[in-house]
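Turn these sequences into a full structure, and let the hints guide you.
Here are the chains, one letter per residue:
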Amino acid sequence: MAKEPVKKTAKKAAAKKAVAKKPAAKAAAPKKAPAKKPAAKKAAAKKPAVKKAVVKKAVVKKTSAKKAAVKKPPVKKAAVKKSSAKKSAGRAKKNVSGYGSGSVDVVMSVDQVAREAASIAAEAPSVKALDKLVKGDAFLSIDALRAGYGKMEILHDFTLRVGRGQSLCLIGPNGAGKSTVLHSIFGFTNIFSGSIVIDGKDVTRLTPSQKLAEAGIAYILQDKSVFPQMTVEENLLMGGFLKNRPAEAKQAAEMVFDKYSRLADRRDKPAGVLSGGERRLLEISRALVMQPQVLLVDEPSIGLEPRFIDMVFEILEDLQKKDGKTIVMVEQNAKKGLSFADIGYVLVSGETAIADAGDALLENPDVGRLFLGG
Amino acid sequence: MNEKLAYIGLGVFGVLGPFLFPDYTLQIAMLWIMVLMASTWDITGGQMGYNSLGNITFFGVGMYISAAVQVSMFYDLADYTASYGAIKPVFTESQYYTGLGIGIIAAGLGCVVTSLLLGLAVFGLRGPYFAIGTLGVAVAAREVAGTIDTIGGGAGISMPFLPLPIEYRSAFFYILCFILAVAAHFVIRWLFSTQFGLAANAIRDDEDKAEAMGIPTLRYKQVGWAIAAFFMGCMGAVFGNMVGYIEPLEVAFPVATFGIFMVAMSLLGGKGTLWGPVLGAVLFHIVKETTWTYLLGLQWVVLGLILIVNIVYFQQGIMGWLQAKFPERFGIVVDSSMTADKGDA
Amino acid sequence: MADNVIEVNNVSKSFGGVKANVDISMAVERGSITGIIGPNGCGKSTLFNSIVGYHPIDNGSIKFEGQEISHLRVGEIARLGMLRTFQQTRIYSKMDCVDNMQISVSHRPGSRSTMFASRRGEIRERAEHLLEFVGLYSKRNLISGDLSFGQQKLLEFAMALMNEPKVLLLDEPTAGINPTLINGLIDRLRRANEELGITLCVIEHNMRVIMNLASHIYCLSNGKMLADGKPEALQNDPRVIDAYLGGH
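Protein chains in written order, with our numbering: chain A, 1 to 374; chain B, 375 to 719; chain C, 720 to 967.
Worth flagging that the hints you see were computed from the coordinates, not collected in a lab. Honestly, I wouldn't trust all of these hints.
[Claimed, not checked] Restraint-style ranges between C-beta atoms, simulated for each label pair:
1) P208(A) - I682(B): 26 to 34 Å
2) P957(C) - R245(A): 26 to 34 Å
3) E748(C) - S275(A): 25 to 33 Å
4) W666(B) - F241(A): 45 to 53 Å
5) F700(B) - A144(A): 36 to 44 Å
6) R910(C) - D265(A): 23 to 31 Å
7) K224(A) - A514(B): 38 to 46 Å
No residue lacks a Cβ here, since even glycine has one placed at the ideal position from N, Cα and C.
Structure representation (structure tokens):
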């Protein structure tokens, strides 16, 4: 792999350009996610500059700025695989869009991945290393957790640290136990030993309703968890089911409608007719009704079309940065998840193999090869 | 598991039972009848997910077919039944045994045909609708049998007498019941060791998926029910002769009692397993016999309670509970090897 | 003229008042890999369902290998050699993984599996090898309903391959699958296509997947066919960008 160093410098150059251009691009594409077109055109106008600089050897078939504004130019040039890997890595630093781009050439058998991951996991991060990634004090701490379903233990001695208002993304092969971590925090699993502490309080053995009502933890399920026959408003009210009085739930629902006008427009429609992105928005905002401090998000982008993925992550970013929520998520769209989150944990077979800042993991070549698809 | 022990235990009990407890021979015979009923019910019920409340239909139909064959081979059936037992025709030994032999086989095969015909009507139904549909079939059969005078109508048929000394009668029927139950068990055991077993379970777990994968589900349903019908028919024939007098309500089509018992037994022991129905039948029979003897008046309450507790709290039954508690004993383990190649690690 | 294994002509389907598919026409060439993309609710899954006989269509015709199939039912079409996987993964949840695989073997007339065939032997070996491919070999004796979501999806995929159909319709096969394994799945799909000659038709949202897999792509929007063509062309088609990709 003698080409690596060349790639890296090219990457860095591209990355710098990408970073430099990004604020401009981002400003042009504000949170008016619904009204995307004018914003998109502005961003599109800024993008070509970045892309042209990055795409050195690409067979440039399109010359117009508009065409180059398409999200995934590297994939077009499937023949030019190396530059596409470069590009995706370069842009991936802060700006993965949709499902990301790139080639599909890195083919490893599950067995191979597991073996290499196991050797990486042999130098698993120490608790100190995990603490280092946290800004300030750890808000949510998991210690030496052994948990699973029935008699089967999925997580072996799992430790996690995330600070208040930080976001953490769990990635890893299927069946590694990522969703099990979220399930354990919320109380859906069999906890054999270990502890979960939020803001100093031990919440390990609380039931899910207690977790939601008292401990301020909300769980956003993987997919299709709206009540399709009930209206949007009724769905939100269901989010406040545990409130002492229905009036409180109604109040909280109104606050959600104020925040997300897109839902307010459809408040009387049955939730089943919402588009994929709107449904995801409803699922997230329903969880907000109980005003949780911690959001557990299970695969936010699953099944979503590319243009809604970015929207969902913008919403999550808003919740984290503006409202100070602590977010722990599982995301199989690993590039997007890591570009969003402050901290990233790579789980393999129930244990943390690597833990680092989200961006650092994106640039880690081993992580890229084994878990990000190249 | 401890299967060998179970077979030895049951086998010894089965063979020696009548000698050790001669007064209870017929009761132990009933046990084997219950085992067969529960096991055959489970073919379509537990294994395939088609909970039939009408399998008792085949019991009665088989009973009537055999009776009709046994009598009409040598006498006119209509005349025989018209006399309401006043005429007691004599059957020679060879007449009786040939009649019985052919009667049992005819009962079995006749029920296979019956199941195919009934299947045309009920296999379009699913879940609770199938249950009610089959229940309706059983009730209808009972009513119809009560109206056909040739087979005795409401009064029924008096069966030919077994030409053996009275002290051997019980043992004779006991042996027939035992043999049928054992045969049914091993046929079912073989059946579920083949692809049939997989297809049946697939239909239970997700019939639409099975259809979408090209499995001809109707054929499997028909074959499963036909096998159950065959054994139920044969057993019905034997039971009719054992009792000596068959009539539609209590003997041939006991829909509300044995028709439901077979479901309860499978549920209790663990439906969808080979030993579940057997276990359930044994336990159920023991409880039933003891409450009848010692708690007369409360026996229905006890049985009802068992049913309720089973359905509400214990749906997986004994075998299901064991499987959840000790998955390793049932082979549900994570293999340490990652590859199918037996060469490398 | 191309040898089209599937031909959809002017197919329309409504549910109550909702027009799910309006006058859709498309063709899948034998031995090719075709992609279908489009926003959620645009009628992709309805189209799949119409093709495999899940429901009757209101108008139009669907031909499989030149034979009209729009009046046939799911099982009959499956036995002709056309299978589909489900978006909400469907497996036989109370059976273990090997059994799931074994029962997925082809039931077409002339196949080696019969009703009372033994459960040991060649079928089981093939099942185990396919399980190894998707990384489920060590879990093969576990009850499939106990697997994680992603593992169940992999199992469903392996079951489809086990059947060796002529045509395989895949409904979002990579949603929720780890990116590196996605590469492996694409590789296996390509090999199934090239070596076993299985024609593929794939609904996908992950553009990285579909661009690297399909040779021809159809884009639906609002129940109608919006555009179709080669991947590169569609990616730059302004209508597609507008309706689906987003110009972010």
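Each hint, compared with the structure:
At about 29 Å, the CB distance of P208(A) to I682(B) agrees with the hint of 26 to 34 Å. Between P957(C) and R245(A), the C-beta spacing of about 52 Å breaks the proposed range 26 to 34 Å. The supplied range of 25 to 33 Å is met by E748(C) and S275(A), whose beta-carbon atoms lie about 32 Å from each other. At roughly 50 Å, the beta-carbon separation of W666(B) and F241(A) lies within the given 45 to 53 Å, and the hint holds.
Restraint check, F700(B) to A144(A): a C-beta distance of roughly 27 Å breaks the suggested window 36 to 44 Å. A C-beta distance of roughly 48 Å is found between R910(C) and D265(A), which places it outside the suggested range of 23 to 31 Å. Between K224(A) and A514(B) the Cβ separation comes to about 43 Å, which falls inside the hinted range of 38 to 46 Å.
Hint violations for this structure: numbers 2, 5, 6, all remaining hints satisfied.
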